[in-house]
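Residue numbers (my numbering), protein chains in the order written: chain D, 1 to 90; chain E, 1 to 459.
Read the hints as simulated data drawn from the structure, not as lab findings.
Nothing here was measured: the structure is a model prediction, and the numbers come from that model.
One or more hints might be untrue.
[Said to hold, decoys possible] In the DSBU-like style, the derived pairs of lysine-lysine whose C-alpha atoms are separated by at most 30 Å in a straight line are:
no., chain 1, residue 1, chain 2, residue 2
1, E, K458, E, K82
2, E, K82, D, K85
3, E, K157, D, K88
4, D, K24, E, K82
5, D, K85, E, K31
6, E, K31, E, K82
7, D, K90, E, K80
8, E, K287, D, K88
9, E, K257, D, K88
10, E, K447, D, K88
11, E, K178, D, K90
[As the list claims (entries may be wrong)] Output of the computed footprint for chain E on chain D, the stretches with three or more beta carbons under 8 Å from beta carbons of chain E:
no., segment
12, 3-12
13, 20-31
14, 42-55
15, 59-73
16, 80-90
In this text, a Cβ means the ideal position worked out from N, Cα and C, and glycines have one as well.
Here's the letter readout for the chains.
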Amino acid sequence: MEIYVLLGFVLILSIYLGLELISKVPSTLHTPLMSGANAISGIALVGALILGSDTNLQQILSFLAVTFASINVFGGYLVTNRMLKMFKKK
Amino acid sequence: MNIFENIESIQNIIYIFSSILFISGIKMLGKEDTAVKGNFLSALAMFIAVSVTFINVINPLIVLIGIAIGATIGSLIALKVKMTSIPEMVALFNGFGGLATFFIAWSEFNSIPTNTFQYVLIMITTYIGGVTFSGSIIAYGKLSERLKIEKSSIITKLFTTLFYISIIYLFYSIFVAKIFIPSFDFFTILLILTLLGGIGFVIPIGGGDMPVVISLLNSFSGIAAAFAGLMLLNNVLIVAGSLVGASGLILTIIMAKAMNRSIGNILFVGYASKSSGSKSEETGEVKAINVSDAYLILENASSVIVIPGYGMAVAQAQHVVRELGELLEENGTEVRYGIHPVAGRMPGHMNVLLAEANVPYDVLVEPDDINPSMDSIDVAIVIGANDVVNPSATEEPGSPIYGMPIIEAHNARTVFVLKRSMSSGFAGVQNPLFFRENTRMLFGDAKESIGGLVTEFKE
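So that you can see chain E by itself, here it is in the shape it has in the complex (with noise of 0.2 Å):
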């Protein structure tokens, strides 16, 4: 055994070691009380597999201004971002780990390939790079509102298109190209498709089918590294990259459920295909209420419950959310805040914005957890939800949204339901919980309404 093949196999070792403390890490990252120490210890395993991989750089300055570039980008981008833009800066990260893994699979086919088999895995990991990377693009053009495409419109029917014709494209690559070599730079035209390709996976969902593809999306960048890991025959890759697919698939599923809907569903047919069967238009009273009458019932309430929805974020509100919550607190009023799973445009948005607002996390329930006592509490306040808080998911066997897991507002006593206008949410459909008996419509910017019940609780 010569020197060299001693230190691959001392390289080998440690990374078994990172990547255990890989799995710990992000087994850990799933835990409130460890999560903190889970990240770090993932921190410590990628900084671990980095460095031992140093033996292998050729050119170890270049690397080193690579690493303080991108160190310094990332740095400030995820110290400055505010906590309201984390969906979109988490979707362009995973776009840049995408983008990554794609150039990588792009060199490894310079290299020309060895067997069939490397050939193959550079094909489906350029693929799955480059989708990912312009697929996470357009979904952060989207979460920041710079991109605004109609569903409908001719742009997202040709993208729709170019996706499923880079499939077909990318079996070509895989099965006849190899044996049949074209006359024309087939690798070239793949790497253009891919990118169009991932554009058009993502161009027609949008609204609140969002947090599913990005996790969906973060599944990929996760998938993507682990097939760069097979192709370049580098365990840590492939167990770290494995882990991130896992994870991200998990939170996929997760999103599906809490919407009844199958992923199938989400990515290729969306709310607008579906047939609506007995569609009873809604012809009650809508019962509007002004600040100082929601003033004097919640005064008098002895519970409250506050269901926010993705309106919370676009206003802003979730710091005079708190306020008001913690008014009502010394007030002798039980305030707990009811999260629905799809909440906001990525998985977890609620939460965020709540922490960031200082709403300590042990006063928020999911909905099968308050469901049941909901008849005993005296206000439910939903901020900007609508879909989550339907009751027709579960009362109107025809409606589009029927069987969808919700937060039953309305069977408190009384809702108080925060909006701009009488507007449909993001499926289209129309709330009956708005003309119920027992809600009252706040209408106005949620900030500026709760901001006057703040005052008036001052007063």
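Next comes chain D alone, as it looks inside the complex (with noise of 0.2 Å):
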């Protein structure tokens, strides 16, 4: 139980942080910074490589977690730069 709370008490602080840090993003960044976090979000990926494997559905589903989460980190992380390099000051 208390790893639980210790975690939720992780989860809770990041929240505040990431909150805090990009509480002043200017409108010209609002999409590479959506596309950017929307890699981040294939951190999925972690959490499909440490699923267990016993039964077959298990090895589908994590086998198909591990490909959805890299469509998503690698087209994510690929598209921003490709967006971020346009931005060009004057």
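Could you use the hints to bring the two separately framed chains together as a complex?
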């Protein structure tokens, strides 16, 4: 039980930190921020790697989770980078 | 302490290091000068976190195949996609992230949850992941205009009902099914209802409200990952997921504020059911103008502000707009672009389009910066924008959009409105700007009209 309280604490602090860090984002960066954050949500890939694989169903599910999370990670970072490269100052 | 415990603590320390990189990465992503580096740092953090997790992988070959397939598909889409299709592509990727967490929770359910906490977390993660997936797919369909469903249609009502049923069923799964174990396979029903519920969540929302939905789904995908982290007792998942949840939430709030509406109103009410108080029908005269007359006015202007909206994206007019801007500058005119936060279909949509057309970002201004000096601007060119320049928002307390912050184009000396026809904007509100004394309507396709102006300048 204690571990959940501890990790719940990490969760709340991280959300609060996130809100503080990005509260004043310029509108030029709204799309790149969203797509960059989107790539980060591909962190689910780490979760997919530590799943159990006792049954066939579990093996299939974790394989699918790895594949879709990877699309999210690679696609997200690449497109964000492509977009940011277009932003130029005068 | 045996060797396995040692490895695990080293792994956890590396996770903490990776979390720090994620935090610095997303912080830098929020500033223009450091954004590229921030994105790189966050990718590095991802690489480290994934690499160090490989210690736990039982069957590395299968995992590597999965990653290779994902990497190929993801990279192909990311490198091939046109900048005009960015909104639907972000929605699609977002959905895949949600789908991954959905599968993770599903798989965990089958490994027999050890305690009640974990059981509850599995239910919640399944739900958020599933709703993020099917909701994002609907958002993708709407943004790419493959999916057209009327808000009042029977399908919309059916799915909206299913969304509410899915929430009730989630509570049933959390609180009841654990104690009074049902004789039927309640989890499979939860899986199905969750996906249907996600469709129902997004289906009634459309058009100009899309930026809010897509930000919210972005936030959900992060929250889903964070809950998966709690479920799997993994700290880097929690930290990274929470950061995404927070950034999506901030964008959602910015979008809602830019429309002066609450998030609840956007999601569950929409413009249609708002009571329209005093609806003063505009009966003034619309003054049309042709390209050559517009050229004569622009040629003598010393300052111009371009105000783009979704119509510019539809007409693909960003490149000719930039060309016109450059010609005006050569002519000694000061050119700036007024960008409303909710112009377009996703946060920052106009900024990306203009960046693609090589418009430098320091000539892009936000409403608050330009409104005070609007009366000193010679010409405001409104391209395919409507609600975000509607003066009713400041002048007509009975209007459904009253109170929404707008770009006060009507205060400029002359306003050109580029429009196909006299139809009203997404909010369904007539725009008095079109009937103003200083407004000239340039009817027709925006790309052709601007192209015509460019030709006039070149001659």
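For E:K82 and D:K85, compute the direct alpha-carbon distance and say whether it is at most 30 Å. holds, 14 Å
Three or more residues of the segment 20-31 of chain D near chain E by CB distance under 8 Å? Coverage by chain E holds for the segment 20-31 of chain D (11 residues, Cβ < 8 Å).
Has the segment 80-90 of chain D got at least three residues whose CB is nearer than 8 Å to a CB belonging to chain E? Contact hint for the segment 80-90 of chain D vs chain E: holds, 11 residues under 8 Å.
Restraint status (C-alpha distance of D:K90 to E:K80 at most 30 Å): Distance ~27 Å between D:K90 and E:K80 Cα, so the pair holds.
Given the proposed pairing of D:K85 with E:K31, does the C-alpha separation stay at or below 30 Å? holds, 14 Å
Does D:K24 pair with E:K82 here, judged by a C-alpha cut-off of 30 Å? holds, 28 Å
Within 30 Å, alpha carbon to alpha carbon, are E:K447 and D:K88? holds, 23 Å
If you look at each residue in the segment 3-12 of chain D, do at least three have a Cβ nearer than 8 Å to any Cβ of chain E? This one holds; 6 residues, not fewer than the three required, reach chain E with a Cβ under 8 Å.
Restraint check for E:K157 with D:K88, where alpha carbons must lie at most 30 Å apart: The hint is violated at about 45 Å.
Do the alpha carbons of E:K178 and D:K90 lie within 30 Å of each other, as the hint requires? Judged against 30 Å, a Cα distance of about 61 Å means the pair is violated.
For a C-alpha distance cap of 30 Å, please report whether E:K31 and E:K82 respect it. holds, 24 Å
Are the Cα atoms of E:K458 and E:K82 separated by 30 Å or less? Holds - the C-alpha atoms of E:K82 and E:K458 are around 29 Å apart, at most 30 Å.
Consistency note: the structure conflicts with the earlier hints numbered 3, 8 and 11.
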